[in-house]
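*Asks:* The listed protein sequences derive, respectively, from chains G and F. Here our numbering is used: the first residue of the first sequence is 279, the next is one more, and so on. Here our numbering is used: the first residue of the second sequence is 338, the next is one more, and so on.
By construction, these hints were calculated from the structure, which means they are not laboratory data. Don't take each hint at face value.
Under the rule of at most 25 Å between Cα atoms (straight-line distance), these lysine-lysine pairs were calculated in the PhoX-like manner [to be verified]: (1) G:Lys478 x G:Lys343; (2) G:Lys417 x G:Lys400; (3) G:Lys421 x G:Lys464; (4) G:Lys343 x F:Lys420; (5) G:Lys361 x G:Lys316; (6) F:Lys456 x F:Lys391; (7) F:Lys502 x G:Lys400; (8) G:Lys417 x G:Lys361; (9) F:Lys502 x G:Lys409; (10) F:Lys502 x G:Lys343; (11) G:Lys343 x G:Lys361; (12) G:Lys478 x G:Lys361; (13) F:Lys502 x F:Lys420; (14) G:Lys474 x G:Lys421; (15) G:Lys421 x F:Lys391.
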Amino acid sequence: MVMPQIKEVVDVPGAQEADNAVVARGISKTYGSVEALKNLTLEFPRGQLTSLLGPSGCGKTTLLKIIAGLLQPTAGEVEVNGKPVTGPGSDRAFVFQDFALLPWANVLRNAAFGLELRGVAKSEREAIAEKYIAEVGLKGFEKAYPHELSGGMRQRVGLARALAVDADVLLMDEPFSAVDEQTRRKFQEDLLNLVKHENKTFIFVTHSIEEAVYVSDQIAILLPRPSRVSEIIRPADLRHKNVDNIRRDPEYLDIVDSIWASLRSYVE
Amino acid sequence: MIVFGYRLPAMSSLILWALVWEIVGRLGLTFFVPPLSEVVVTLFSVIGTAPFLKALSETAQAFAAGVLAAVLIGIPVGILMGKSRLVDELLLPWVNMFLSAPLTALVPVLMVLFGFGMKSIIITTTLFAIWIIILNARAGVLQINRSLVEMARCYGANPFQAFYKIYFWAALPEILGGVRIGVIRAVKGVIIGQLLISIVGFGALFELYANNFLMAHFWAVLIVLFAMAFTVSELLAYLERRVSYYAASR
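Next up, chain G with everything else stripped away, as it sits in the complex:
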């Protein structure tokens, strides 16, 4: 048990504090003798998309699951909207790498499943789900089953389910890694639109440098051995540019290059 304490000293300027939807403070996580995370502190500004980027084994998914409340940190704490995280909560929704859809349920029920678990009445939750199914571009597929859909469409169902519960924070664990390249590009564009219009905080785990630079407001680069945040990059100017031109923007290319320069020594 951690006794409640009043922490006067926070090692970041206080002015930013109010704008953070999620704060991770001094997070450590050990599995036996293996240190997955060591004293990691990171802030996630409200309404923005923060990427966790790093080589495999740097603990980025572990951090995401700690924020989700699926894992307990060995030390440190996570706050969401100022409240400490003790387990999964309705203020966060998760998008899974392998979609995690119910194979025996159709798209409509899958998208409404988060609401179903909360006891929302059938007609109400299906109306909400239908709205988000349309929003992610799956209108007309409500009665289809996951095995009848492509990987990209399944992930859109996973996204609709996460949006339907109307959580403040969307946690995305390599959501586009199991879909093909062209679908992924479309997804990334759609994600930028979502960030712009949904007014939610996105936390996005990826191993793709290009993807991180393309979609992020803030990129936290995590390095292994020992796991830590080595650098925070804010490609702020890119966010005001036309999405069609980002990939040939010199600034985009510079950031991609510099991230690769700092990561390459950790890649076998």
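With chain G held as given, fit chain F onto it using these hints.
*Replies:* Only chain F this time, still in chain G's reference frame:
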């Protein structure tokens, strides 16, 4: 099956074996095998008689009660074992032991414990069926995709909801497979019970016919029994195929 370019209907091999049976029976090699035609004629003469119907209802009752108990206890226990390390460690050695144990040897113990009546027969039937049902339900739960479990937690499922909205359905293909094999084993169980515990039902008929060398009657009842077990098993196999579309994509 395709022979010489002709597609044969399903189970046409049975016609061949029926023919072999008939020929062996006609040759009169052994009293043990009367011709199939004689068995079939006997079958229809026996099937409406009072002793047969009595045996059928006694056997069906014991069988249904035994299987029902095996399913109602076996599936939750199996799911619980799959979800809880502690329960699993406690029960798994016993389940494995009873699965491979010669249960027939236990029947005299059951008779001492539960008497010579219907109760012992039902318990014997349950004992034959339940272990494979438990093991399959456990295996079904163990292979549930980890992210489905995490999804349930993330979106706030309580343990009860996780159980009946996710674990049961995700393990259903394996559970049905277990029930199907369990039902087949239960047929053995009910007949062994009726032979060893109290001579009732089909067990009594087998005993009666075998002791009086009424082989045509003996085979006729065996065919009826086999047909019933086969029907139940096929019904479950059909249900299994209904859910198999998602077995590969969980």
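*Asks:* For a quick check of understanding: which of the numbered hints are violated here, in increasing order?
*Replies:* 8, 14 and 15
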